[in-house]
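J.: The primary structure of each chain is shown beneath.
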Amino acid sequence: MGKIFKNLIPYWKSVLIIILLLVIQAWCDLALPQYTSDIIDTGIQNSGIEHILPEKIPLDKFRTALNFMTEEEQKDFIDAYNYKSADSDKIVERKELSDEKLKELDDELIIPIIMNYQMSSLPVSTLNKMLKGQNIPEGILNTLEKKTVEKEDEDGNKTKVECVDASPLMAIMIAGSPDSEKTLQNMREQMQKQIDALGTDTLMSSGKAYAKEMDLLAGVDVDEIQTNYLWAAGLRMIVIALILTVAAVLVGFFAARVGAGVGMSLRSKVFKNVIGFSNAEIDKFSTASLITRSTNDIQQIQFVTVMMLRMVLYAPIIGIGGVVKVAGTGASMWWVIAVAVGAIMATVLTLMLIVMPKFKLMQKLVDRVNLVSREILTGVPVIRAFGREKREEERFDEANVALTKTTLFTNRVMTFLMPIMTVFMNFVSVLIVWVASGQINDGNMQVGEMTAFITYTMQIIISFLMLTMMSIFLPRAAVAAGRIDEVVNTKSSVTDRENAEELKAKDGVVEFKNVAFRYPGAEENVISDISFTARPSQTTAIIGSTGSGKSTLVNLIPRLYDVTEGSIEIEGKDIRDITMKSLRDMIGYVPQKGILFSGTIATNLRFGNKNASDSDIEKAAEIAQATEFIDNKTDRYDSEIAQGGSNVSGGQKQRLSIARAIAKHPKIYIFDDSFSALDMKTDKQLRKALSESVADSVVIIVAQRISTIIDAEQIIVLDEGKIAGMGTHSELLKTCPEYLEIAKSQLSEKELGLGEGVESNG
Amino acid sequence: MADNRRRGGGHHGGGMAPVEKAKDFKGSIKNLVKYIGRFKAAVVVVMICAAASTVFSVIGPKILGKATTELASGLFKKIEGTGTVNMDAIANILLIVVAIYLVSAVFMFIQGWLMTGVSQKICYRMRREISEKINRMPLKYFESRTYGEVLSRVTNDVDTLGMGLNQSITQIITSICSIIGILIMMLSISPIMTLIAVVILPVSAFLLSMVVKISQKHFRDQQKYLGEINGVVEESFGGHLIIKAYNKEDEVLEEFEKTNKILYNSAWKSQFLSGMMMPITMFVGNLGYAAVALSGGLLAIQGVITIGDIQAFIQYVKNFTQPIQQMSQVINQVQSMAAAAERVFEFLDEEEENQKVDNPVDVTTIKGDVEFEHVRFGYNEDKIIIKDFSAKVKQGQRIAIVGPTGAGKTTMVKLLMRFYDVNDGSIKLDGHDLRDFNRRELRDAFGMVLQDTWLFNGTIMENIRYGRLDATDEEVIAAAKAAHAHRFIRTLPDGYNMMLNEDASNVSQGQKQLLTIARAILADNPILILDEATSSVDTRTESRIQRAMNNLMKGRTSFIIAHRLSTIKDADLILVMRDGDIVEQGTHSELLEKDGFYAELYNSQFDE
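Here the protein sequences come in this chain order: A and B. At position 681 of the first sequence the residue is numbered 681 (the numbering used here), and the sequence of numbers has no breaks. At position 321 of the second sequence the residue is numbered 1321 (the numbering used here), and the sequence of numbers has no breaks.
It is possible that some hints are incorrect.
What the hints assert, rightly or not - Here are the computed lysine-lysine pairs in the DSSO-like style, where the Cα-Cα straight-line distance is at most 27 angstroms: (1) A/Lys610 / B/Lys1554; (2) A/Lys272 / B/Lys1356; (3) B/Lys1258 / A/Lys269; (4) B/Lys1248 / A/Lys619; (5) A/Lys272 / A/Lys593; (6) A/Lys358 / A/Lys284.
Stated by the list, open to error - Simulated DEER-style distance windows between Cβ atoms: (7) A/Lys593 / B/Gly1027: 43 to 49 angstroms; (8) A/Asp635 / B/Asn1501: 53 to 59 angstroms; (9) B/Thr1491 / A/Pro357: 52 to 58 angstroms; (10) B/Met1499 / A/Asp635: 36 to 42 angstroms; (11) A/Lys491 / B/Lys1224: 31 to 37 angstroms; (12) B/Asp1436 / A/Lys593: 44 to 50 angstroms; (13) B/Lys1034 / A/Trp12: 54 to 60 angstroms; (14) B/Gly1027 / A/Met458: 30 to 36 angstroms; (15) B/Thr1069 / A/Pro357: 46 to 52 angstroms; (16) B/Glu1228 / A/Met469: 31 to 37 angstroms.
Don't read these hints as lab results, they were simulated from the structure. Small disclaimer: the values here were computed from a predicted structure and weren't measured. Yeah, the Cβ is synthetic: ideal placement off N, Cα and C, and Gly gets one too.
Take these sequences, add in the hints, and give me the full structure.
T.: The following block contains the structure:
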């Protein structure tokens, strides 16, 4: 985990911007529900009227409204209107007031306004109940204005209710009461209880309905107000949505750039480091593993980085935002959120704990199915020759059954996840409704708060869910990060010494002095006590059976590895005191396996010598016996070489890599078993041409065939890492039993010039 | 590897990867439906469950809304003094809601459980059928393509299919159910507003297709440069030795950085653009919401629609976009599923070798006389490589086939084993045409040691016993001794019980060769084929193996393919091949006398 974050340090500015943008995104995300509900609640339900004070109000109604107000309220109410100047046209107009001022007045005047509004259309049944026991003459009721109001409950069912405008009656009652102040106070207290229970939202709606009614009476175009409001609210919502989108897109932009940047710099770091590795480090990791690390692993880190910046960072931000919002609702149901989050996380984690080991197992079983299929496919001839089709089918079936069983198990466990999550989320809403209903019933909570609470709770839960989900694939990324780190932190064991010098070679004589080499971590030396001198104008051949250390020995010369004991000197200078560049510049190395690079034949031949002329490379190709097949190609030297040289045969690759070394005109040639892929004839011709053209160079040949090295001036026989014999062919036949054994295995005694006249039994 | 790269990497594209399409979509789907046929009952139940689950989950919120209504009306009653909140009623409603959600979840669960089972069983069957199919196909098929190709059908394609089946069927059903349900509800409220809501969809589709179009270009770029950089990495790490030895580090690095930079540009662009999908859909969704609310409000003013209807309508609009988004994802999945299914069925429909003949010749009494009569053969009808070859081989004789690399030496072996059939003429075994044998039985007559030392991931004991499955441990050990393998096996950790690892790289090439010889010795077949059996070991080891092989060849008719001529001089018959054709035949001395191609080959080794 830490390793993933470490990669982000160079991008701290972008990360900061991303966090800022995420905060904006979260703010919009949390605010949006409010804006969308505004359209419905205010725009449609309240006809776009935002405040309880009407824009215009008929004078008589204005006066009635004052009935239920305290002196102070009356003053503020009157102040809000052009009361005095309104005498003439009987319509009182609201002053231009700021939105804030209007909100203040909403809060202050809601009680008297609503009382007034309720009285103005009181259901007859309610009125009768109120008047019961009071000493009011029957007749008065008939003087009241009657109307039939259609009421709608929340299900949309409409009922007709007969109502009366009871406000004049109330005014009389209050005025006529000996204790008018107290009566009013009682009524207001009752009202306050109602507000506490229903919440301000519901009452605000009634207040706004009052405003709408007054406006209509005063001739204000209410439809226009609504239309305007709807457009404005719609626009506000779209603006918020737009900000949200822009923020999200920008986050995506920065995250993508940071992710790709992290990928790029990791790739570069790993590649650079690996190129600097000596063979020891390459062997330690294996080429295949290094390739996976610098491709798939880095891709994964890149992907996870983007995910992290876009989602993992977002989850806590929106979670905190949701918590703040929930706190804002004032609802005391924290435990519901805690229980919900706890239960969901516990479920997810439990399922993960059950499934994770199986997931790992599944990967192994997939590998097993792959392995068995690959074995069957590569072994088709053998399987058929032995008639083992049935057995292979059974072996495959075994792997197939195991994989199917495990996959079925994991997938079935995972099928629990979706239904359980949905059920949990739904149950949380139900639970909130249930608990809130109780609290609302007790007057401790409002209906609006409940709805808001559900919305924000969901947001918090989802953010936790997101974190949990991320926690599934973060560990995998952490493993990848660790693998990459391992490569980056490995230093090459072969480096230039501080005081290394350039060496301009004159004759290139190579001397091994008591050289021993041991692979890192191995228990035994691969080669030991190796001392010999390879001189210019001579061929030094090294022969021995597989595993005798021939390749290791020559790999020490260009410092692909460093000796563990003794030293190798060129012209009397320890090769570790020469810069690697100048050392390698004088060596023409041809490896066991022909390795080519994508490009053309010509670019491959110029690999060691950029400035080689056309005739130079043609000459090199001729010596390497490559001319024939090159000339057979339509583009000759410009023929494409595919990646890894996969479009030329093994023998052709080998010849090209020999030509590549020759075109370099080095002082020292090293052929590491380079001739074995060639047939005898080509081998011979090549050696003949070579000896003519590299006359004054040091030539070191590792070989398996006696015929390849039969003419060498010096043959070194290696056996189990030690020199078993040194000399020419004919000398060694006499002095070195190991050499004799090798020779006998390849050539008849006649050909060896031993035992004249003894024919093999042909 | 190349194959993986072609199709891989798409997982991270967030549905951005250009979807691979089937050549014959309808046909593949038809085949797939036929294949699923045996699980018809389960699939029907899955469909019903998916539909039921959707219906219940749509009802849920509506009923939950009733609880709020009940609460509110209770409050009004309380205020008016006519009653109180009926907590019992609310509790009842909530219990119903809980029940509904539970039922919905149970349906969802049953559906998932069944579908997982069905898709896994289908995957199992397919893999099994592919593995059996491999054994019935002509060798030709495998020689004309990489095994990676076949391998990816067993794994990638079957996996894609399984995943697709598991999710797409249920998702299609749930999405369609929700879309239809919601559409009906919306239409019943207001056709005009439904129109407005639906008009948003093409806008959304258009915007998204624009994003997809642009981003697909970058995605392809990214895949291309990713492939390129992986190529550079593979090549450079593989050729690390040469890069070091030729001082090319700086140049290679420079090259790499160039590609890396290009990759960076396409990578962030494709990532960025594919990341834009979500916000854009969300924005269009919000836009639609605003449009519906606005038009609803305006319609309400004109009295066309009531406020309650608008509220209900808007709820549906909110739920409308989700199933549509799901559908578009599912369509992609179905497409790649069809492509995968096509490849799998294509493979299963490949031509097969007929395994059996009527009245097959009994193979148990075979002595080992082989006769080639005017054999004419070519891998392609129009490219005949063996024109007219005749030869008689007596039981116990040794026949060597020599020639330069690529001369087609193994062709003879393939004909003998009936991996291929002759175009004309015939090959007879004890006087019976090879084609009168049952293929599998015929092969029992041959023991084989190949250059490619194929061993499998199992113990050494198991690998040798592969030659004869009912062999006792003693017999296996005896065979190993005869192959001169016993001693080295004893020095290995765990001896005969040592597990060979995946590439059998924990034993040396020479040791592997000895194991395959032991395997052939154990098989004890009348005819033996040694195909360059010792080409990749050094000569000292070879001479040891040679001794083992001499043990093996005693009394058997044997065919030896070799490029080291010293090993075959005493063969009874040497066939010399060049460019796919047999140019000379005879004994060593006859051929040397002839002074032809063989003599040239032979002498070139010792020419001074």
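J.: Work down the list of hints and note, for each, if the structure agrees.
T.: Hints, verified against the model:
no. : hint                                     : result
1   : A/Lys610 / B/Lys1554                     : violated, 58 angstroms
2   : A/Lys272 / B/Lys1356                     : violated, 60 angstroms
3   : B/Lys1258 / A/Lys269                     : holds, 14 angstroms
4   : B/Lys1248 / A/Lys619                     : holds, 23 angstroms
5   : A/Lys272 / A/Lys593                      : holds, 24 angstroms
6   : A/Lys358 / A/Lys284                      : violated, 30 angstroms
7   : A/Lys593 / B/Gly1027: 43 to 49 angstroms : holds, 46 angstroms
8   : A/Asp635 / B/Asn1501: 53 to 59 angstroms : violated, 43 angstroms
9   : B/Thr1491 / A/Pro357: 52 to 58 angstroms : violated, 38 angstroms
10  : B/Met1499 / A/Asp635: 36 to 42 angstroms : violated, 49 angstroms
11  : A/Lys491 / B/Lys1224: 31 to 37 angstroms : holds, 34 angstroms
12  : B/Asp1436 / A/Lys593: 44 to 50 angstroms : holds, 46 angstroms
13  : B/Lys1034 / A/Trp12: 54 to 60 angstroms  : holds, 58 angstroms
14  : B/Gly1027 / A/Met458: 30 to 36 angstroms : violated, 45 angstroms
15  : B/Thr1069 / A/Pro357: 46 to 52 angstroms : holds, 49 angstroms
16  : B/Glu1228 / A/Met469: 31 to 37 angstroms : holds, 33 angstroms
The structure shown violates the earlier hints numbered 1, 2, 6, 8, 9, 10, 14.
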